[in-house]
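Peer 1: These protein sequence lines map, in sequence, to chains W and V. Using our numbering, read the first sequence as starting at 1 and increasing by one per residue. Using our numbering, read the second sequence as starting at 575 and increasing by one per residue.
FYI, nobody ran anything at the bench for these hints, they're computed from the structure. Do not rely on the hints blindly, as some may be mistaken.
Okay, the calculated bits of chain W under chain V, using three or more residues with CB under 8 Å as the criterion [as the list claims (entries may be wrong)]:
#, segment
1, 84-97
2, 106-112
Cut-off 25 Å, straight-line C-alpha distance, at most; resulting in silico cross-link-like pairs (DSS-like, lysine-lysine) [to be verified]:
#, chain 1, residue 1, chain 2, residue 2
3, W, Lys111, V, Lys886
4, W, Lys74, V, Lys886
5, W, Lys54, V, Lys802
6, W, Lys119, V, Lys886
7, W, Lys119, W, Lys206
8, W, Lys119, V, Lys813
9, W, Lys119, V, Lys802
10, W, Lys117, V, Lys802
Even for Gly, the Cβ is constructed at its ideal location relative to N, Cα and C.
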Amino acid sequence: MLKINDLKVCYGNYRILKGIDLEIRQGEVLSIVGESGTGKTTLALTLLGLCQGKVEGKVTLEDENILTLSEDEKRTLRWNKISIVFQDVARALNPLMTAGEQIMEPMLENKLYSLEKAKARVLTLLKEVGLSQGCADLYPHQLSGGEKQRVLIAMALANNPEVIILDEPTSALDAITRVEILKLLKKIAAGRTVIVVTHDLSVAAKLSQKMAVLYSGRIVELGETKKLLQNPKHPYTRGLLRSFPNMTTTKDLQGIPGRQENVLEGCTFHPRCTQKISRCEQEVPELEQQADRKIACHRGGIVTLLETRDLVKKYNRVKALDKVSIELVEGETLAVVGQSGSGKTTLAKCLMGLEDSESGEIFFNGSKLVNRKKEFYKQVQMIFQTPQECISHRLNVLDAVIEPLNIQGIGSREERKEMAKKALQEVQLAVDDSFLKRYAHYLSGGEIQRVAIARALVINPKLIIADEPTSALDASVQAKIIRLLLDIQEKRGLTMLFITHDIALARKISDRVAVMLSGRIVEEGPTCEVFSSPQHPYTRDLLRAAPELSSHYSQETKTLQYCQVLKLQERSGY
Amino acid sequence: MKKKALDYLLAFIIIISLNFLLPRLLPGDPLAAIYGEEALIAMTSELEAELIERFGLDKSLPEQFIIYLSSLLKADLGYSYYYETSVTKLILGALPWTLLLVGLGLVLSTLLGFILGLESGWNRGRWQDKGILTGLMLLNGFPDFFIGILLLLVFAVSLGIFPLSGALTPYTGLSGFALVRDILWHLSLPLAAVVLSEITASYLLTRTTVITILGEPFILTARAKGLKDTAIRYRHVGKNSLLPILTRTGIRVGRIFAGAIFIEIVFAYPGLGVLIFNSLMARDYPVLQGIFLLVAIGVLATNFIVDLLYKKIDPRVV
Numbered sequence: 001m002l003k004i005n006d007l008k009v010c011y012g013n014y015r016i017l018k019g020i021d022l023e024i025r026q027g028e029v030l031s032i033v034g035e036s037g038t039g040k041t042t043l044a045l046t047l048l049g050l051c052q053g054k055v056e057g058k059v060t061l062e063d064e065n066i067l068t069l070s071e072d073e074k075r076t077l078r079w080n081k082i083s084i085v086f087q088d089v090a091r092a093l094n095p096l097m098t099a100g101e102q103i104m105e106p107m108l109e110n111k112l113y114s115l116e117k118a119k120a121r122v123l124t125l126l127k128e129v130g131l132s133q134g135c136a137d138l139y140p141h142q143l144s145g146g147e148k149q150r151v152l153i154a155m156a157l158a159n160n161p162e163v164i165i166l167d168e169p170t171s172a173l174d175a176i177t178r179v180e181i182l183k184l185l186k187k188i189a190a191g192r193t194v195i196v197v198t199h200d201l202s203v204a205a206k207l208s209q210k211m212a213v214l215y216s217g218r219i220v221e222l223g224e225t226k227k228l229l230q231n232p233k234h235p236y237t238r239g240l241l242r243s244f245p246n247m248t249t250t251k252d253l254q255g256i257p258g259r260q261e262n263v264l265e266g267c268t269f270h271p272r273c274t275q276k277i278s279r280c281e282q283e284v285p286e287l288e289q290q291a292d293r294k295i296a297c298h299r300g301g302i303v304t305l306l307e308t309r310d311l312v313k314k315y316n317r318v319k320a321l322d323k324v325s326i327e328l329v330e331g332e333t334l335a336v337v338g339q340s341g342s343g344k345t346t347l348a349k350c351l352m353g354l355e356d357s358e359s360g361e362i363f364f365n366g367s368k369l370v371n372r373k374k375e376f377y378k379q380v381q382m383i384f385q386t387p388q389e390c391i392s393h394r395l396n397v398l399d400a401v402i403e404p405l406n407i408q409g410i411g412s413r414e415e416r417k418e419m420a421k422k423a424l425q426e427v428q429l430a431v432d433d434s435f436l437k438r439y440a441h442y443l444s445g446g447e448i449q450r451v452a453i454a455r456a457l458v459i460n461p462k463l464i465i466a467d468e469p470t471s472a473l474d475a476s477v478q479a480k481i482i483r484l485l486l487d488i489q490e491k492r493g494l495t496m497l498f499i500t501h502d503i504a505l506a507r508k509i510s511d512r513v514a515v516m517l518s519g520r521i522v523e524e525g526p527t528c529e530v531f532s533s534p535q536h537p538y539t540r541d542l543l544r545a546a547p548e549l550s551s552h553y554s555q556e557t558k559t560l561q562y563c564q565v566l567k568l569q570e571r572s573g574y
Numbered sequence: 575m576k577k578k579a580l581d582y583l584l585a586f587i588i589i590i591s592l593n594f595l596l597p598r599l600l601p602g603d604p605l606a607a608i609y610g611e612e613a614l615i616a617m618t619s620e621l622e623a624e625l626i627e628r629f630g631l632d633k634s635l636p637e638q639f640i641i642y643l644s645s646l647l648k649a650d651l652g653y654s655y656y657y658e659t660s661v662t663k664l665i666l667g668a669l670p671w672t673l674l675l676v677g678l679g680l681v682l683s684t685l686l687g688f689i690l691g692l693e694s695g696w697n698r699g700r701w702q703d704k705g706i707l708t709g710l711m712l713l714n715g716f717p718d719f720f721i722g723i724l725l726l727l728v729f730a731v732s733l734g735i736f737p738l739s740g741a742l743t744p745y746t747g748l749s750g751f752a753l754v755r756d757i758l759w760h761l762s763l764p765l766a767a768v769v770l771s772e773i774t775a776s777y778l779l780t781r782t783t784v785i786t787i788l789g790e791p792f793i794l795t796a797r798a799k800g801l802k803d804t805a806i807r808y809r810h811v812g813k814n815s816l817l818p819i820l821t822r823t824g825i826r827v828g829r830i831f832a833g834a835i836f837i838e839i840v841f842a843y844p845g846l847g848v849l850i851f852n853s854l855m856a857r858d859y860p861v862l863q864g865i866f867l868l869v870a871i872g873v874l875a876t877n878f879i880v881d882l883l884y885k886k887i888d889p890r891v892v
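This is chain W alone, in the form it adopts within the complex (with noise of 0.2 Å):
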């Protein structure tokens, strides 16, 4: 078991760990993941003894703290005890040394084996990883970045260290490498204690059981590494998700906003964070266990912003809403999906105060709503399906626009026309005073709609309930609208419900995915699993009549067929 307690290092006066605390146990393949520069190569090099900078704390291998010991004894530790496979493969093997020979040094330093025996075990080594034995004579400049990689692993694992540590083990690599050789980790990690260095969050999904998330000297999310990739509950570990391109995740690339700074008080992460409070600024948030996971956060990560429980809506005897509970939380995108008249606009007007439900709760950030006051709106807009009809024919463009500031008592005249000129820059449209003084009825359908993207944009809310607010729009002024609520969401964390019935939107801009079908949400879930496994048949039709760009059209109508028992059942007064 490997023990690391309040570990902190520092350059000079340049902090790089800030107090890390870790256990890991016998056999088990821990992965430590960050962007660079958090602290990550630092931590592994402490591992060995091989920090340059200054080292408090105490790392205990078998009851015995590494960090007190002679140079001597930590020699003798390198190796023997902790080994490490070092990120750089093309320059981290001496290029005047065959293979053999440098696999074979450490054995006979520590004079494990004979001269005769070290050399047969280097051939089994090389055997072992996947390496003909002919590689053992040969020069590093004459092995590819692949083959590399199997000499140093093999290297790694010359004088059988309960430790291995893995510094970024495939980041050098090509794809089909990269997976020969996860492959290859995968088999001798088997048994032994190991430390994947990376941030690269397929390879910790792939080698790791655990998972700690570095940022800027500290964890701030420790857990299972199945459960942290499918619900991250940090802000920093969402956003690490959020900017990794993979196969699994659907919604665009969004990153971090800001960078990495130098942080002396409070949380390490609060610069960047979009849900910050006060306390975040002034005080270092403990690694605390909450549920399943471990997580360093004043928040107890990522907020849950709204919340509505078994919430029930009937128009006569049409049940528009029928126990629907949903969660939003902070910065993210849930979109609602289904075919009209399934009870998606009735839930974003009972969620704004439009329509009263009968029955069900609804929170916002925290707190129950019975009556909602202007605070709420100034955080909380909403977007509607019918802007002709939202905007009143007595207001120009300007006035529309200014309108939520006025009534927010926000700014001074000039500042409020500052800003709503600037908010309707960022949906696209012209600023000039013609257009400021036009009335609504004068404008095409897809400017009207802008203008209220640009009404709800405008007092900078918390939450926006979009109704398909793109629908009447071009792809390409859609495209330009999607990227300016991402771009905000990224920087600001705005939060999003999105309603629409366009499914190929839905899988780029949502995070997570509610179907609704007759005013029940018959399906929810993590957008990427419920597009890629849809469980219910309705799903699985809406997924099936979403547009897509192959000619295979006259399939579509036909594989309908759960719509189709609907239609029947509908026709039959069921």
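Chain V: place on chain W using the hints.
Peer 2: Below, chain V alone, put in the same frame as chain W:
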């Protein structure tokens, strides 16, 4: 390697051709260019005719070239009218001493510079490094002959431990071990002077190389493998630093010859340096030309050896 050998052959042909062409391209009488004005004053007309006949100066250039080449093959580099003996004989008399001095000087200065550079670079910024660096930079500030004079004054004149001049004690009829000792005794001071004036170049190069190599990832690998400092320093850093040092040594041969001239003169050491100096003073062109040819070939040969060594050390060189 074949291509390398061809390159050397080409360089050799060019050197020989230049050596042949240069005096003949000079304006005026080629004999004057070959022998110098002074030699010609004492020349009788029969001698002149004999020389023209010998160099084929009345024949065409290609024919002259063939005559030149065939005399080269016979190791005939001409005749020194100043020393009144053949140039080949003169050079052969001086060459062993220079080879001893320059050859040993080159090897020792490279080796010492390498070791000091390795220690210095390894301990970069610590007192060992600062001490060696300061000392050698100070030494590097002195001209070659000044070091010679200084050594001579201290160890030969004041302390009297080493002889003042020469390569061996004349007329003693020593032989065997006693002779070797005598030769080494005479060699000590000039050799020290050569080594001291040459050491800085290889030291500085080694130090920089070592510092660069210490930053290489494979050194981190070696450290992580738990190797002892000496193993890392010599097996990993040292061997890799050797490559640029070797290359540089090949280039330095020409320079060290020139440096040795002054030192030989200071110690009146009977090598090529003194011969060059005297010939220059007497404008004994045939001797000078012969020596230049020899030095050029020497540089070529050393570089060839360096190439062979390089191939031995660096597997990447094909």
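Peer 1: All hints are to be evaluated individually against the structure, with a verdict given for each.
Peer 2: Quick rundown of the hints versus the structure:
1. 84-97: It holds: at least three residues are needed, and the segment 84-97 of chain W offers 11 whose Cβ sits within less than 8 Å of chain V.
2. 106-112: This one holds; 3 residues, not fewer than the three required, reach chain V with a Cβ under 8 Å.
3. W:Lys111 to V:Lys886: violated, 28 Å
4. W:Lys74 to V:Lys886: violated, 35 Å
5. W:Lys54 to V:Lys802: Since the Cα atoms of Lys54 of chain W and Lys802 of chain V sit roughly 22 Å apart, the hinted pair holds (cutoff 25 Å).
6. W:Lys119 to V:Lys886: holds, 23 Å
7. W:Lys119 to W:Lys206: This hinted pair is violated, its Cα atoms lying about 33 Å apart.
8. W:Lys119 to V:Lys813: Between Lys119 of chain W and Lys813 of chain V the Cα gap is close to 22 Å, so the pair holds against 25 Å.
9. W:Lys119 to V:Lys802: At roughly 21 Å apart (the allowed maximum being 25 Å), Lys802 of chain V and Lys119 of chain W satisfy the hint.
10. W:Lys117 to V:Lys802: Status holds; Cα separation ~22 Å.
Checked against the numbered hints given earlier, the structure breaks hints 3, 4, 7 and satisfies all the rest.
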